[in-house]
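Protein chains in written order, with our numbering: chain B, 1 to 222; chain Y, 1 to 222.
A couple of the hints might just be wrong.
To be verified - The calculated lysine-lysine pairs, modelled on DSBU-like cross-linking and capped at a C-alpha distance of 30 Å, are:
no., chain 1, residue 1, chain 2, residue 2
1, Y, Lys-147, B, Lys-165
2, B, Lys-146, Y, Lys-165
3, B, Lys-147, Y, Lys-147
4, Y, Lys-165, B, Lys-147
5, B, Lys-165, Y, Lys-146
No lab work stands behind these hints, which were simulated from the structure alone. Everything numeric in this text was worked out from a predicted model, so none of it was measured.
Number of protein chains: 2
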Amino acid sequence: MTRTPLSPTPRSTPTRLRDRAATDRAALDAVLDAGLICHVGVLLHGAPVVLPTTYGRIDDTLYLHGSTGSGNLRAALTGDLSVSVTLVDGIVYARSAMHFSMNYRSAVVHGRPVEVTGEADRLRALRAIIEHNAPGAWDAVRPPNKKELAATLVLALDLTEASVKIRSGDASDDAEDLAGDAWAGVLPLQRVFGAPVPNADLRAGIETPTHVLDRTATRIPM
Amino acid sequence: MTRTPLSPTPRSTPTRLRDRAATDRAALDAVLDAGLICHVGVLLHGAPVVLPTTYGRIDDTLYLHGSTGSGNLRAALTGDLSVSVTLVDGIVYARSAMHFSMNYRSAVVHGRPVEVTGEADRLRALRAIIEHNAPGAWDAVRPPNKKELAATLVLALDLTEASVKIRSGDASDDAEDLAGDAWAGVLPLQRVFGAPVPNADLRAGIETPTHVLDRTATRIPM
Numbered sequence: 001m002t003r004t005p006l007s008p009t010p011r012s013t014p015t016r017l018r019d020r021a022a023t024d025r026a027a028l029d030a031v032l033d034a035g036l037i038c039h040v041g042v043l044l045h046g047a048p049v050v051l052p053t054t055y056g057r058i059d060d061t062l063y064l065h066g067s068t069g070s071g072n073l074r075a076a077l078t079g080d081l082s083v084s085v086t087l088v089d090g091i092v093y094a095r096s097a098m099h100f101s102m103n104y105r106s107a108v109v110h111g112r113p114v115e116v117t118g119e120a121d122r123l124r125a126l127r128a129i130i131e132h133n134a135p136g137a138w139d140a141v142r143p144p145n146k147k148e149l150a151a152t153l154v155l156a157l158d159l160t161e162a163s164v165k166i167r168s169g170d171a172s173d174d175a176e177d178l179a180g181d182a183w184a185g186v187l188p189l190q191r192v193f194g195a196p197v198p199n200a201d202l203r204a205g206i207e208t209p210t211h212v213l214d215r216t217a218t219r220i221p222m
Numbered sequence: 001m002t003r004t005p006l007s008p009t010p011r012s013t014p015t016r017l018r019d020r021a022a023t024d025r026a027a028l029d030a031v032l033d034a035g036l037i038c039h040v041g042v043l044l045h046g047a048p049v050v051l052p053t054t055y056g057r058i059d060d061t062l063y064l065h066g067s068t069g070s071g072n073l074r075a076a077l078t079g080d081l082s083v084s085v086t087l088v089d090g091i092v093y094a095r096s097a098m099h100f101s102m103n104y105r106s107a108v109v110h111g112r113p114v115e116v117t118g119e120a121d122r123l124r125a126l127r128a129i130i131e132h133n134a135p136g137a138w139d140a141v142r143p144p145n146k147k148e149l150a151a152t153l154v155l156a157l158d159l160t161e162a163s164v165k166i167r168s169g170d171a172s173d174d175a176e177d178l179a180g181d182a183w184a185g186v187l188p189l190q191r192v193f194g195a196p197v198p199n200a201d202l203r204a205g206i207e208t209p210t211h212v213l214d215r216t217a218t219r220i221p222m
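Next up, chain B with everything else stripped away, as it sits in the complex:
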């Protein structure tokens, strides 16, 4: 298991780790790009609240969105938030209860988000969010109109302060347990897309598009 600090502040990233920081940044992007949803923690009335939501990434920025009426998103603008993306790759069966584990890739981002203003930037962010979960979809559908945009809050979070934690491979048992009869190993976990289910009100003659069909052939770590 490795924990890789990414924060390039003088405190957290000594000059001698510059090469490693570059690698870590790629690891962060890989986790964020492979995830589907994130869990956002905000401070609401003095207590943390954790909610799932979708997100998108463009370069060094993570984008979140929601209704302008969302108390949680509004609260996120008044202080730091924490965004967690976790991919579970397998269940690790050990020979002793205490060494049971999961194989996973986890990214945690901290920071104070800013509201994205300006129509072009907002559309770019919303496109990134939709394309993150539905690649190829944005150009095939009606873009947001003025009214929809006015009802949407878009937040940008800088990816500077983040950490990546990854566990992979075998169970790590104590030496004295190796001679026992218990099995040890990893049960891999993957996500698969099933056959697309057309909307009940889909107009006759509209075929399932390639950008949807193509995803059902893939089986990727979740």
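Position chain Y against the provided structure of chain B, taking the given hints into account.
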């Protein structure tokens, strides 16, 4: 999409909703039991921190565990925390960008945890956590010894204050978009277990146990 309040306080659960609250409680248990990991939000140095971890449930209590040296778990004991479990069931493709969505089941629990003390209660909680992600495993492996137990912090969180949010079914498009050429529907998402990978140091002659093999035949919503 429905949001079902579960908190049985006078404020949040009027008497007229008693029947519904019972149903909701079953919905909460179903989401918690189907999930693999949770995301826990704690307050650390004044800011929320969200981290993934495993959990277990017995009746009305959610159990978390970790190292006694974990600053995050220690912090969780000094104030309220928020625990979120999310199952993503599908990507909802709409005819307009703003109606893209996910089908999901989400449980969010709030409260102030207490440390579980007493060896029998701690073992019971740890068993629940391991059995949650590896059913049938506890009885097949070495249980925690005194030293391991001493290094483990076990937290109990009452499930009283919780909410469940579920989205299922078709995309909900605006009437004026139905006549267009865009496809709409759901791309279902499921999790599957792959073939078990035995540890490199597994002793010869130990077969993969039934409680592991049986899981690879299942394909369940993630």
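How the hints compare with the structure:
Distance hint between Lys-147 (chain Y) and Lys-165 (chain B) is fulfilled; the C-alpha atoms sit about 26 Å from each other, no more than 30 Å. Note on Lys-146 (chain B) and Lys-165 (chain Y): the hinted pairing holds, with a Cα-Cα distance of about 29 Å set against a maximum of 30 Å. At roughly 62 Å between alpha-carbon atoms, Lys-147 (chain B) and Lys-147 (chain Y) are farther apart than 30 Å, so this suggested pair is violated. Between Lys-165 (chain Y) and Lys-147 (chain B) the alpha-carbon distance is near 26 Å, which keeps this suggested pair within the 30 Å criterion.
Distance restraint check for Lys-165 (chain B) and Lys-146 (chain Y): the Cα-Cα separation of roughly 29 Å lies within the 30 Å cut-off, and the hinted pair is therefore satisfied.
The structure is inconsistent with hint 3 alone, although it conforms to all the rest.
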